[in-house]
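Peer 1: This is what each chain is made of:
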Amino acid sequence: MNQWNKYLLFFWMTFAVFTGFATPEQVSPETRDTTTQINPVQIAKPEMADALRESGKIYVVVIVLSLIFTGIIVYLWMIDRKVSRLEDKSKGK
Amino acid sequence: MRNYWWKILGILLVLYSIIQGLLGPVPARFILNETIRNLYFHVPMWFAMIFILFISLAYSIKYLYKSNPDHDIFALQAAHVGIMLGILGVVTGSLWAKYTWGSWWTFDAKLNGAAMTMLIYMAYFILRNSIDEEQKRARISAVYSIFAYVMMIVFIGVLPRMVDSLHPGNGGNPGFGQYDLDNRMRLVFYPAIVGWILIALWIMTLKVRIARIEEKN
Numbered sequence: 001m002n003q004w005n006k007y008l009l010f011f012w013m014t015f016a017v018f019t020g021f022a023t024p025e026q027v028s029p030e031t032r033d034t035t036t037q038i039n040p041v042q043i044a045k046p047e048m049a050d051a052l053r054e055s056g057k058i059y060v061v062v063i064v065l066s067l068i069f070t071g072i073i074v075y076l077w078m079i080d081r082k083v084s085r086l087e088d089k090s091k092g093k
Numbered sequence: 001m002r003n004y005w006w007k008i009l010g011i012l013l014v015l016y017s018i019i020q021g022l023l024g025p026v027p028a029r030f031i032l033n034e035t036i037r038n039l040y041f042h043v044p045m046w047f048a049m050i051f052i053l054f055i056s057l058a059y060s061i062k063y064l065y066k067s068n069p070d071h072d073i074f075a076l077q078a079a080h081v082g083i084m085l086g087i088l089g090v091v092t093g094s095l096w097a098k099y100t101w102g103s104w105w106t107f108d109a110k111l112n113g114a115a116m117t118m119l120i121y122m123a124y125f126i127l128r129n130s131i132d133e134e135q136k137r138a139r140i141s142a143v144y145s146i147f148a149y150v151m152m153i154v155f156i157g158v159l160p161r162m163v164d165s166l167h168p169g170n171g172g173n174p175g176f177g178q179y180d181l182d183n184r185m186r187l188v189f190y191p192a193i194v195g196w197i198l199i200a201l202w203i204m205t206l207k208v209r210i211a212r213i214e215e216k217n
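First to last, the protein sequences are chains A and B.
Note that the first sequence covers residues 1 to 93 in this note's numbering.
Note that the second sequence covers residues 1 to 217 in this note's numbering.
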């Protein structure tokens, strides 16, 4: 990957994580969940991972997954480059 | 490296689906809870599989038309990637089922249909390995590939909708789109589909290029 693409990728990742773009919203289920309003018996709300979000630990999960995915992609990229080189070599023959 | 803008796009879209998929807001639903986010990964796997297997079908038909061995390479490698995606789809679905339906597998039309589709395409590879002569192998497997694709559509698209099924979108169940998928989820869901299709295409083209080099030597 050439320098330009490396910077583009890094810029995009930081932009996505540190702007409001990726900020988890705390939207109360009542405002958009009509099914629980129709059924008066259900008082309890569905459990969601709010604690993980409030403590900020969700970011650990996000970063870990992004790192794993990026690692696999880098590997794929290197294979792509190697194949290109092999193609050029066999074309040159 | 050859044309790579679409590879970068695929990478960015999938990365976006991972980051925004985990951090973004989703509807709160009983039974599903946070696993609703699996929609961004499990479903794109299957859409990408259907797309790639369609590519395999297209190249199989092209091979029958023109007998160009390059098309046979495409058909095979696309089927390889398709199976890989299918296995990922089945495994992610099974994990999702364990935590929502309570068991790793149910005797459900869609699940069994998906497993049968995997077996059908594995039979495609076995068929290929059983024939030594190249042209014959390519022709016979191209014909099989056409039947295999049609059966895939029947097993995972048609039959599950006609019988009782637990799986969303089949057997009288509403699809996610009807009640649970809101526009904020769609914003992540659709890019994820495109991203995974592009990544699958990238892997397929890599395998094709490697196979071509191997053919030459």
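There could be a bad hint or two in this list.
To be verified - Derived lysine to aspartate or glutamate pairs resembling DMTMM-like cross-links, with alpha carbons at most 20 Å apart:
1) Lys91(A) - Glu34(B)
2) Lys91(A) - Asp182(B)
3) Lys98(B) - Glu47(A)
4) Lys93(A) - Glu34(B)
5) Lys45(A) - Glu134(B)
6) Lys45(A) - Glu215(B)
7) Lys207(B) - Glu87(A)
8) Lys207(B) - Glu47(A)
9) Lys57(A) - Glu34(B)
10) Lys216(B) - Asp88(A)
11) Lys91(A) - Glu214(B)
As the list claims (entries may be wrong) - For the chain A half of the interface with chain B, some residues (derived, Cβ under 10 Å), not all of them:
12) Ala49
13) Ile58
14) Ile73
15) Lys93
Everything labelled a hint here was simulated from the structure, so no lab data went into it.
Only a predicted model underlies this, so the values are computations on that prediction, with no experimental measurement involved.
Ideal Cβ positions, reconstructed from N, Cα and C, are used throughout, including at glycine.
Peer 1: All the hints need checking, so say for each whether the structure fits it.
Peer 2: Each hint, compared with the structure:
For the suggested pair Lys91(A) and Glu34(B), the alpha carbons sit about 52 Å apart, so the restraint of at most 20 Å is broken. For the given pair, Lys91(A) sits about 51 Å from Asp182(B) by alpha-carbon distance, which is inconsistent with the 20 Å threshold. At roughly 18 Å between alpha-carbon atoms, Lys98(B) and Glu47(A) fall within 20 Å of each other, so this suggested pair holds. Under the criterion of a C-alpha separation no larger than 20 Å, the hint pairing Lys93(A) with Glu34(B) is inconsistent with the structure, at around 56 Å.
A threshold of 20 Å between alpha carbons decides the hint, and for Lys45(A) with Glu134(B) the separation of about 62 Å lies outside it, so the pair is violated. The suggested pairing of Lys45(A) with Glu215(B) is violated, with an alpha-carbon distance near 60 Å, which exceeds 20 Å. This hinted pair checks out: Lys207(B) and Glu87(A) have alpha carbons roughly 13 Å apart, not beyond 20 Å. Distance restraint check for Lys207(B) and Glu47(A): the Cα-Cα separation of roughly 44 Å exceeds the 20 Å cut-off, and the hinted pair is therefore not satisfied.
Between Lys57(A) and Glu34(B), the direct Cα distance comes to roughly 15 Å. Compliance with the 20 Å bound is thereby established for this hinted pair. Under the criterion of a C-alpha separation no larger than 20 Å, the hint pairing Lys216(B) with Asp88(A) is consistent with the structure, at around 13 Å. With a CA separation close to 13 Å, the supplied pair Lys91(A) and Glu214(B) stays within the 20 Å bound. Taking 10 Å as the C-beta contact cut-off toward chain B, the hint placing Ala49(A) at the interface holds, the least distance being around 5 Å.
Taking 10 Å as the C-beta cut-off, the interface hint given for Ile58(A) holds, the closest approach to chain B being about 6 Å. Taken as an interface hint, Ile73(A) checks out: its beta carbon lies about 5 Å from the nearest beta carbon of chain B, inside 10 Å. A distance limit of 10 Å between C-beta atoms decides the matter here; for Lys93(A) the minimum to chain B is near 9 Å, and the interface restraint holds.
The structure fails to meet hints 1, 2, 4, 5, 6 and 8 from the earlier list, while all remaining hints are met.
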